[in-house]
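Number of protein chains: 2
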Amino acid sequence: MEDNVVFVGTKPVMNYCLAVVTQFNSGVDEVVIKARGKSIVRAVDTAELVTRQFLSNVVKKQVSISTDTVETDAGTTNVSAIEIILGH
Amino acid sequence: MEDNVVFVGTKPVMNYCLAVVTQFNSGVDEVVIKARGKSIVRAVDTAELVTRQFLSNVVKKQVSISTDTVETDAGTTNVSAIEIILGH
Numbered sequence: 040m041e042d043n044v045v046f047v048g049t050k051p052v053m054n055y056c057l058a059v060v061t062q063f064n065s066g067v068d069e070v071v072i073k074a075r076g077k078s079i080v081r082a083v084d085t086a087e088l089v090t091r092q093f094l095s096n097v098v099k100k101q102v103s104i105s106t107d108t109v110e111t112d113a114g115t116t117n118v119s120a121i122e123i124i125l126g127h
Numbered sequence: 040m041e042d043n044v045v046f047v048g049t050k051p052v053m054n055y056c057l058a059v060v061t062q063f064n065s066g067v068d069e070v071v072i073k074a075r076g077k078s079i080v081r082a083v084d085t086a087e088l089v090t091r092q093f094l095s096n097v098v099k100k101q102v103s104i105s106t107d108t109v110e111t112d113a114g115t116t117n118v119s120a121i122e123i124i125l126g127h
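Protein chains in written order, with the working numbering: chain A, 40 to 127; chain B, 40 to 127.
Hints listed in this document are in silico derivations from the structure and should not be mistaken for laboratory results.
No experiment lies behind these values; they were computed from the predicted model shown.
Just to be clear, a hint being listed does not mean it is correct.
No distinction is drawn between identical chains; accordingly, a pair holds when it is met within one copy or between any pair of copies.
[To be verified] Pairs of lysine-lysine, PhoX-like flavour, derived with a Cα cap of 20 Å:
1. Lys50 to Lys77
2. Lys99 to Lys50
3. Lys100 to Lys77
4. Lys99 to Lys73
5. Lys100 to Lys50
6. Lys50 to Lys73
Excised from the complex, chain A in its bound form:
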């Protein structure tokens, strides 16, 4: 089970901030924020808001980008992805 992963999609950024803060308050040491395509900017916003405004003891431990291959009706397509690891 990947309890400490927050997938960022198209909802408002605050929803994902709340999800990340909730994870940290439940006692985990690390939370991984993941997003693909246009949601990447919301993942970055979430990480910045959490570390700057909500949890000042949490830092960005690692940021990595990659390419995911996605199956669609029209065949396979490539989409960029981001993974941000937050921790104490």
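Given chain A, work out where chain B should sit, using these hints.
Then chain B, alone, in the frame of chain A:
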């Protein structure tokens, strides 16, 4: 002079890929891709395309995110930013 910095904005991703490839072909060892706000996803796309398709000897050396403070007519506002360092 920061010759080896490519600022990614709202143009098509291929324009920025070409800019990065041109930099490397001119002999630099590192190129820094920077973007803010909604352009962050295009910066990630640019880095992924360059490293996967155009220059297989170039790798992502570092990815970092930050918050920039921008002055607007309505006062100051915060915007997320990304910096991707590509190199040999």
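Against the structure, the hints:
1. Lys50 to Lys77: both (12 Å within a copy, 15 Å between copies)
2. Lys99 to Lys50: neither (22 Å within a copy, 29 Å between copies)
3. Lys100 to Lys77: Classified as neither; 23 Å inside a copy, 23 Å across copies.
4. Lys99 to Lys73: Both: 13 Å inside a copy, 18 Å across copies.
5. Lys100 to Lys50: Cα proximity of Lys100 and Lys50: none, with 24 Å in one copy and 31 Å across.
6. Lys50 to Lys73: Only inside one copy: Lys50 and Lys73 sit 14 Å apart there, 25 Å across copies, limit 20 Å.
The structure shown violates the earlier hints numbered 2, 3 and 5.
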